[in-house]
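Participant: Here the protein sequences come in this chain order: U and B. Just so you know, we're using our numbering here: the first sequence kicks off at 116 and counts up by one. Just so you know, we're using our numbering here: the second sequence kicks off at 2 and counts up by one.
In case anyone wonders, no lab produced these hints; they're calculated from the structure. Even for Gly, the Cβ is constructed at its ideal location relative to N, Cα and C. Hints may be right or wrong, so weigh each one.
Taking lysine to aspartate or glutamate and the DMTMM-like style, the derived pairs with C-alpha atoms no more than 20 angstroms apart in a straight line are [stated by the list, open to error]: (1) Lys278/U with Asp221/U; (2) Lys152/B with Asp285/U; (3) Lys26/B with Glu40/B; (4) Lys152/B with Asp291/U; (5) Lys264/U with Asp120/U; (6) Lys264/U with Glu246/U.
Computed footprint of chain U on chain B, listed as stretches where at least three residues anywhere in the stretch have a Cβ under 8 angstroms from a Cβ of chain U [unchecked claim]: (7) 41-49; (8) 62-70; (9) 84-98.
Across the chosen pairs, the derived CB separations fall in these ranges [stated by the list, open to error]: (10) Ala261/U with Asn122/B: 43 to 53 angstroms; (11) Tyr146/B with Asp291/U: 20 to 30 angstroms; (12) Arg123/U with Glu138/B: 51 to 61 angstroms; (13) Ala263/U with Ser151/B: 25 to 35 angstroms; (14) Pro39/B with Glu242/U: 46 to 56 angstroms; (15) Tyr225/U with Ile79/B: 21 to 31 angstroms; (16) Ala119/B with Ser262/U: 41 to 51 angstroms.
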Amino acid sequence: MIRSDILRDIAPVIRDQLVICNIGLPSQELHMIDDQPTNFYMLGTMGLASSIGLGLALAQEKTVISIDGDGSVLTNFGTLPTIANNVADNFILLIIDNGSYGSTGDQPTYAGRKTSLAAVATACGCETVAECAAEEVKATLEAAIASAKMTVIVAKCESGNIKVPVITKDPVSIRDRFMEAVRG
Amino acid sequence: MSIHTRIVDDLIANDISFVTTVPCKQLAGVIEEVEARPEIAHVPANKEDEGMGLCAGAYMGGKRPAIIMQNTAIGVTINTLVTLTQFYRMPLPMLISYRGELREPVACQAEMAVHTKALLNQLHIPTYHFHKEDDVEELDAILKYTFMCSKPVAILTDATFWGGY
Ligand SMILES: Cc1ncc(C[n+]2csc(CCOP(=O)(O)OP(=O)(O)O)c2C)c(N)n1
Ligand SMILES: [Mg+2]
């Protein structure tokens, strides 16, 4: 399974949740598969999906799921200690770990080699960390939502992309629509 | 009243309830005050671009955020300021220690100081420079301006300003 298969699988689970989605193909794929006002698409700023999600979770009570990538977590590693030390039980960080910078042509990341993101998250102090295979992501995510415990999920999958159009929505409209959904 | 209390009172009076910080020696007192005030959720960040991500999330969650950081962080945050804060049009007051100005003891700090205003200017970020003690009188108006226009706004505070207190 590749990232887009996981997104298709979890679409019914995340459709009513607040989602912060990573830059590049993850956002483009989610936008194509199931565009929702509760989705905040990052059009730039590689690395900050987890930070935006944590800030949002700390600021209000609804469940927040950040859909991140291994490359983006590696570029903003400082996020993991911040998450661990500012516990928001309405926050789930779902790292789709395809072992590559998928959006830029599947260049390998260190997460696909020796570095275990789950072990790093644990070492940073994150208390609930689950690593799972692509087929198990939906069930793992459902369990994390039900648990109401801050959870980091590292979803292992294969590298690969589907053809998908870029997002041409205006950023301020995306943000405004999302904020309305947050309030609603 | 100390200058730190004065500054944080202004933040709270403007309904700022989420503050992220990366320390600077000149900001130690104000960070301590932010941490001490129950009206403010203080979330220290490891890097300033991460902090701006936290602020973007808090803003979308209905809170008014602010970041407290050193001017060297302008070099770290340009991409985030442009592609997140400005692109999605979000307000962000940035209380910045302006290191490398008059009275600076560390030579290396002068290197970013000479680029600080030029970079902020290039980014079209409204910039205010607190140099004299009573420049702080403008803080309240600057905060109101920031949330009125939904832009990142820089408040540079130099050693002469802090030395006045
Ligand atoms: C500062 C910066 N460097 C590089 C890029 C180019 N870039 C965009 S997405 C991406 C890959 C992200 O990889 P990952 O987070 O693993 O997500 P994936 O596409 O694999 O799902 C890169 C390198 C960028 N947008 N910004
Ligand atoms: Mg990846």
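Participant: Take the hints in turn and mark each one as holding or not.
Facilitator: Results of checking the hints against the structure:
no.: 1; hint: Lys278/U with Asp221/U; result: 14 angstroms, holds
no.: 2; hint: Lys152/B with Asp285/U; result: 17 angstroms, holds
no.: 3; hint: Lys26/B with Glu40/B; result: 24 angstroms, violated
no.: 4; hint: Lys152/B with Asp291/U; result: 15 angstroms, holds
no.: 5; hint: Lys264/U with Asp120/U; result: 26 angstroms, violated
no.: 6; hint: Lys264/U with Glu246/U; result: 16 angstroms, holds
no.: 7; hint: 41-49; result: holds (count 6)
no.: 8; hint: 62-70; result: holds (count 4)
no.: 9; hint: 84-98; result: holds (count 6)
no.: 10; hint: Ala261/U with Asn122/B: 43 to 53 angstroms; result: 51 angstroms, holds
no.: 11; hint: Tyr146/B with Asp291/U: 20 to 30 angstroms; result: 21 angstroms, holds
no.: 12; hint: Arg123/U with Glu138/B: 51 to 61 angstroms; result: 57 angstroms, holds
no.: 13; hint: Ala263/U with Ser151/B: 25 to 35 angstroms; result: 33 angstroms, holds
no.: 14; hint: Pro39/B with Glu242/U: 46 to 56 angstroms; result: 25 angstroms, violated
no.: 15; hint: Tyr225/U with Ile79/B: 21 to 31 angstroms; result: 25 angstroms, holds
no.: 16; hint: Ala119/B with Ser262/U: 41 to 51 angstroms; result: 50 angstroms, holds
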